[in-house]
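Visitor: Read off the chains here:
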Amino acid sequence: MDKGKARRALCSKGFEVDKSRKRHIFLHYHRSSDGERTAVNTHVSKGRGEIKSSALRQMPEQVGLDSQEELNDLIECPMSRKQYEGILRAKNLI
Amino acid sequence: MKIEGTFAISGEPQSSRRLGLSSTGTRPGFRAPGIAYVQSAIIDEDVHLVRSRDSSFPHAIPVTRDADGTFVAKDPKWNIHVYGETMGELDQMLREWIAEAWFAYVLEDDEKLDARCRMLKRMYRESFVEVWSRDGQG
Chain Z
7 MDKGKARRAL CSKGFEVDKS RKRHIFLHYH RSSDGERTAV NTHVSKGRGE IKSSALRQMP
67 EQVGLDSQEE LNDLIECPMS RKQYEGILRA KNLI
Chain U
2 MKIEGTFAIS GEPQSSRRLG LSSTGTRPGF RAPGIAYVQS AIIDEDVHLV RSRDSSFPHA
62 IPVTRDADGT FVAKDPKWNI HVYGETMGEL DQMLREWIAE AWFAYVLEDD EKLDARCRML
122 KRMYRESFVE VWSRDGQG
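As given, the protein sequences belong to chains Z and U, one line each in that order.
Residue 30 in our numbering sits at position 24 of the first sequence, with consecutive numbering throughout.
Residue 132 in our numbering sits at position 131 of the second sequence, with consecutive numbering throughout.
Bear in mind the hints are in silico, worked out from the structure with no lab data behind them.
Take every hint as true, because none was put in to throw you off.
Pairs of lysine-lysine residues, derived as DSSO-like cross-links and limited to a Cα-Cα distance of at most 27 angstroms, are as follows:
1. 113(U) to 52(Z)
2. 52(Z) to 9(Z)
3. 58(Z) to 11(Z)
4. 78(U) to 113(U)
5. 9(Z) to 75(U)
6. 113(U) to 88(Z)
7. 97(Z) to 113(U)
8. 58(Z) to 9(Z)
9. 88(Z) to 9(Z)
10. 58(Z) to 75(U)
11. 75(U) to 122(U)
12. 11(Z) to 52(Z)
13. 122(U) to 52(Z)
14. 97(Z) to 122(U)
15. 78(U) to 97(Z)
16. 11(Z) to 88(Z)
17. 75(U) to 113(U)
18. 97(Z) to 75(U)
19. 75(U) to 52(Z)
20. 78(U) to 122(U)
With the hints as constraints, model all of the structure from the sequences given.
Guide: The following block contains the structure:
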């Protein structure tokens, strides 16, 4: 999965970049109702190219999803922000 | 999942002699009372984060390896979930995460944070002290 594509997709689903650190960019999920930052977050390493497989394996859990398939749905667009937020609410993550 | 060992934040700040004014108001050139027993510094440009004396931040975080050998450190209480292909990478990642938590929670206005983030803000603020290097005091 391309890093830039993943970043853009996550930002379109409610994640915001706070401030990039030395080697990684952190993305925090902001609630749609009031824009408050939540504790749901993930990070990707800086630079271009593909996300490492080790990172991809950790991302679903970081963003509150159960599987790689769900993460793909979030990034590739079938899962809307509303649906995603419904999952986070059901898990009491936001 | 088998626990491979523990990861401890260890080592002294780069040079305690270089540590100056802390956010707690200690005079430049003196070490803040809260940093006498710290184990480490998290370096972000000119800012060091050091453990406060009565920090409740864990000294050691369990590290596991996933099916493909990636090192993973998790502590849900502190909202930590970092990983690395080597322990060195994990070490760097954990330090970056703490610096990020400082910026994302501690330095953020309460009104912009949800309840969980506000709780994390309190926890991190109570566990670390911000110290500036002399060069960073402007």
